[in-house]
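Given chain A's structure and the hints, the job is docking chain B onto it.
The residues making up each chain are set out below.
Protein chains: 2
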Amino acid sequence: MAAPSVFRLLHRVLPRLGTQRARLSGGWVPPAQAPDANSFVARTNTCGELRAAHVGQEVTLCGWIQYQRQGLFLVLRDFQGLTQLVIPQDEWSQVQTDRSAVRHVASEFLRYIGIPLQAHSHVRKLLSNAPVESVVRVTGIVSSRPPGQENAKMPTGDIEVKVETAEVLNFCKKLPFEIKDFIKKSEALRMQYRYLDLRSSQLQHNLRLRSHVVMRMREYLCNHHGFVDVETPTLFKRTPGGAKEFLVPSREVGKFYSLPQSPQQFKQLLMIGGLDRYFQVARCYRDEGSRPDRQPEFTQIDIEMSFVDQAGIQRLIEGLLQYSWPEERGPITTPFPSMTYEEALAAYGTDKPDTRFGMKIVDISDALRRWDVRFVQNVLSYPHGTAKAICIPQGVRYLKNKDVESLKEAAKSQFNQEIVDVICRPDGSLKSLLTKFLGEEQQSELKQVLNMQVDDVVLLAAGDHKRVCSALGSLRLESADLLEAAGVVLRDPTALHFLWVVDFPLFLPKEENPTELESAHHPFTAPHPLDTDLLYSDPAKVRSQHYDLVLNGNEIGGGSIRIHDAEQQRFVLEKVLKEDSEVLSHLLEALEFGAPPHGGIALGLDRLISLIVGSPSIRDVIAFPKSFKGRDLMGNAPEYVTPEELEPYHIHVSWPVAETEAKKN
Amino acid sequence: MAAPSVFRLLHRVLPRLGTQRARLSGGWVPPAQAPDANSFVARTNTCGELRAAHVGQEVTLCGWIQYQRQGLFLVLRDFQGLTQLVIPQDEWSQVQTDRSAVRHVASEFLRYIGIPLQAHSHVRKLLSNAPVESVVRVTGIVSSRPPGQENAKMPTGDIEVKVETAEVLNFCKKLPFEIKDFIKKSEALRMQYRYLDLRSSQLQHNLRLRSHVVMRMREYLCNHHGFVDVETPTLFKRTPGGAKEFLVPSREVGKFYSLPQSPQQFKQLLMIGGLDRYFQVARCYRDEGSRPDRQPEFTQIDIEMSFVDQAGIQRLIEGLLQYSWPEERGPITTPFPSMTYEEALAAYGTDKPDTRFGMKIVDISDALRRWDVRFVQNVLSYPHGTAKAICIPQGVRYLKNKDVESLKEAAKSQFNQEIVDVICRPDGSLKSLLTKFLGEEQQSELKQVLNMQVDDVVLLAAGDHKRVCSALGSLRLESADLLEAAGVVLRDPTALHFLWVVDFPLFLPKEENPTELESAHHPFTAPHPLDTDLLYSDPAKVRSQHYDLVLNGNEIGGGSIRIHDAEQQRFVLEKVLKEDSEVLSHLLEALEFGAPPHGGIALGLDRLISLIVGSPSIRDVIAFPKSFKGRDLMGNAPEYVTPEELEPYHIHVSWPVAETEAKKN
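Top to bottom, those sequences are chains A and B.
When we follow UniProt numbering, the leftmost residue of the first sequence carries the number 1, and every step to the right adds one.
When we follow UniProt numbering, the leftmost residue of the second sequence carries the number 1, and every step to the right adds one.
Chain A on its own, in the form it takes in the complex (with noise of 0.2 Å):
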């Protein structure tokens, strides 16, 4: 065992010298770029640095004891790896002679300056009794791992460190669960023991490259494109249908905050304020009470420009995504390509189509129409009618009966839409409650227009085309899952397939009552250039500028060019949504005092990482997130507050009982 020189221990005390740390010499080096993440503090390195270049060397680490042998060996981590500590067995007296001179003139150099050395039987003491996960410094001697007991799996498992000292610094009591990758705990205990959990490498990863991503984000912006990131108050006040907006209570009596859901009028009105380029990393909220895989807060990458237009932003994210993209999982390419909204819902059943694979939604309206079927021609008849059909490859295979029935019954329950299976037997004949209305020839022409083979399932629907399109969208999204299920590889985890979604419609009919229109996104989103005009004829025709960016089938991000002109969002807010525009009476006289053309994109911070890390749930790219009833499990929020507490806010709880007892008076 290599003692440590009087030189070594009179290094070990020297004072810190911050970013001009001295690096052990002749060791490993980090490359110039990356971090010094040992800087400013006690150790002179990470668990997950050292190599066999680092052997000799005197190293101090701080972690935690992932587990402990027979008071032989440990295994300490940090955030970076793991290192295999050699827990000292000889006795102090054991050491060789020539070494305890060496060893006595450096422990009463220590003694001197106030560092006891310790024997080593107190040293294995400490190191064999501390329970696992309490945390440790040790300082020692990297040595190489005797020949044989390597650990390629493992970075440093060329080496081990002899621990000359160590120190507990704090014990760990037993723990709820295992910090190991491979044990299983449920959701909730999980959500209850956060900071437990946080030590995971998968959430180690994920939030450190979150942090990356958002930095390489934050660098491309401002320092290549000359963006400037501005703060908006979350403080505002209720926007026109912000139902879903969270309240704050002020002093002022019945005057309250609104938390908004997003910047989009202080963004807009940072443009008119000549800010020319702004992004904000920015908080939102959004009170939906409880949905799956919903946060009550979240965050979105969000921009705004001033004299672009919508390829201008389109080529900006392509450029922040593909600069910001992690290594493991790029490259990426771009121009990303672009789909209308009509062509989406038409191909894909859908406006954030899944484009990894096919299975596209087929027209079969004009093979059908030559059918001599009554109902066949009765639904055509109607202006939107219309018959398409998804053909499931070797479905015969693959889907049970039961798997194509609960499609069925998924689409009538959904959608109200009646689905027919069609079946290619082996013989190329069709199976199918239509086959006895349908020749050969016309057999013949629906296997052609839908491409069918043998063993191929048909799913076939007439009706309305908007509902017909999004019944076989979700079925086709529900196939793929069967078809995934059963051991078919349809999509590529590894693959990345960006899509612009363009030209969506800029007013909807209100579901509640369809004579009337709402906006698709935002009353703020302009027309398309070439729809001008049908604003003021015919709005629900127009098109407009928004665009959608959509990964593998998930809607990451949106965004559109706004309206510049006062006179036409009057128009809008006023005579097409029919909304009360007092409220937005600021925004509206800011357009009229010389706002640029504009517009912008929010990203969805939290579901793009868990795109990127491959993780079902954005609760996995949070901190600290809350479950899907808006609860905070570890520190219990929302909690009771007393009425002491709401009289500031003139303010008090509408308790059921009370309710009733007030009924009762």
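Calculated directly from the structure, the hints in this document are not laboratory data.
Don't take every hint at face value.
In this list, chains with the same sequence are indistinguishable; a pair is considered to hold if it fits within one copy or across any two.
25 Å max Cα-Cα, derived DSS-like pairs, lysine-lysine [what the hints assert, rightly or not]:
(1) Lys173 <-> Lys575
(2) Lys153 <-> Lys184
(3) Lys360 <-> Lys402
(4) Lys541 <-> Lys352
(5) Lys255 <-> Lys629
(6) Lys244 <-> Lys255
(7) Lys360 <-> Lys408
Chain B alone, transformed into the frame defined by chain A:
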């Protein structure tokens, strides 16, 4: 006048190339590191970047009309500067023959691809009639200004742009105030039309500098020192003593979220979660009602590290500020000096001393102890009895009698502290109420202790140490203001006096009941290592590991090493502070599961930036600040909401009238 060549016109209609956009050749190229502010948009240059080297180039600029002179010139403004435009005076037909041939080809080409070339008369009409602050896009040729007409004060003063085509993108109606830096406008008007005030060069500069400084901080923390940017929740629950926290009603009856004053608990939990190095540019909330220059939401640079001590955090912050400090205000030297709380109180009467000037508090107890004056002896005999003074150099010359009187009154009303003034007459004798008690020798001793010169004014106080120091510290600052108002240069406005104040008391007597203790800062602060034993015997005497960072007399940051031992934390909460520790049970439990030693700091970003830009108010470094009453004067927040909007949150407003009626019944 130069006519655009076909080549240039072709160039103009080429598709934009994003970041790879071809720079106009032969001209000024921004430094490789400078951001490209013209990527993705329709302009070729900003209004601040054209120089003599650009002469002959065709450029497209977008901006606001700053002013227009007699239909001849127009000054265009954007975020980067001003450019003079020459409005074309010649008609279409007036251009020279050789050029008109070129123009004909060009115009035919442009008409072919759909871009009409404008007649100069049309351009002149457009630009002459557009009101100030209208938004225009112009294309033209950069030309040298005629000799003698260069403007050396204007960065673009060597050139002007001869406009060829122009488009008014938006008109501006009559403004509530002019966008000129020299125009004075009321704070309320500026706040109501914040988007217009944002166009001022001062606010543009402040917000851009803020963005730049924060970006540099991020580079230092993330890229240089391995910090992880982690977002923590803002919807949490009330913390003990969190009387200033905004409440957010939840959909669960009677339960409220709370908007935290800082991410304190979360950052400690992140350390327990092994994150090791955390930072966040964190939005924080504090409901203090009406207080000048406080904002209900504000931003702090929030930092926490594991395995660090006080010196480690201090060196980190010094490096951070040095790295991010804007060149225009730099350089700053490190390390910053340090002073204990007791030293600061004794010499400056405050925990945030302005060390840019002297006039320090001098202890004259020893001198006075030798005086045979009963009331002085009486005061000095109390446990914390003291006599102290400050000396205002040349006070007789610069302070009026009423100034001295108002200083004395302020000490009386704010600190209940009597002040005696002493003046040094031209003959060296002292004039004071006290002199009748003093012999010549005693007067001489007083002059010597205070280094008193002819015409100096001394303010003298005797009584309780802390009260005397606080009163004199306050008078010191007020006297400095008076001296400066009288023309004395006391504090160099460019000086940067950073100072660490350390060794604060851990606890303070509660104001309402001085026999009980409360945390001087917060209950998670660790005791000073030398005072740990005192914690259990005489907690009032314990110093803490809290540190404040002071700049020119302003607290710009504060932090501490935290308690990482669960038992110690429990003792502080339950035995010393007598708090219900149940509400912090998650944190106490977390400390038991292997919490590493850790500490951190938070810098007040708004105040820091306002000091950097030399602005008296933090409102000048916030894009959309609230008024001192917490109101958004532009959007009119907070605002009334309907009872229906309150229903999901099970609350209703206690209107004063309703209260009155309730009392009647």
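A quick look at each hint next to the structure:
For the identical chains of this complex, lysine 173 and lysine 575 are inter-copy neighbours only, at 23 Å across copies versus 66 Å inside a copy, given an alpha-carbon limit of 25 Å. Within a single copy, lysine 153 and lysine 184 get their C-alpha atoms as close as 22 Å, which meets the 25 Å cut-off; across copies the closest is 69 Å, which misses it. Within a single copy, lysine 360 and lysine 402 get their C-alpha atoms as close as 23 Å, which meets the 25 Å cut-off; across copies the closest is 88 Å, which misses it. When the C-alpha separation of lysine 541 and lysine 352 is checked against a cutoff of 25 Å, the pair qualifies only within one copy, where the shortest distance is 21 Å, while the shortest distance between copies is 65 Å.
Taking the shortest Cα distances, lysine 255 and lysine 629 sit within 25 Å of each other only across copies (13 Å), while inside one copy they are farther apart (27 Å). When the C-alpha separation of lysine 244 and lysine 255 is checked against a cutoff of 25 Å, the pair qualifies both within a copy, at 17 Å, and between copies, at 18 Å. In this assembly of identical chains, the alpha carbons of lysine 360 and lysine 408 lie at most 25 Å apart only when taken from the same copy (17 Å versus 86 Å across copies).
Comparing the model with each earlier hint shows no violations; every hint is respected.
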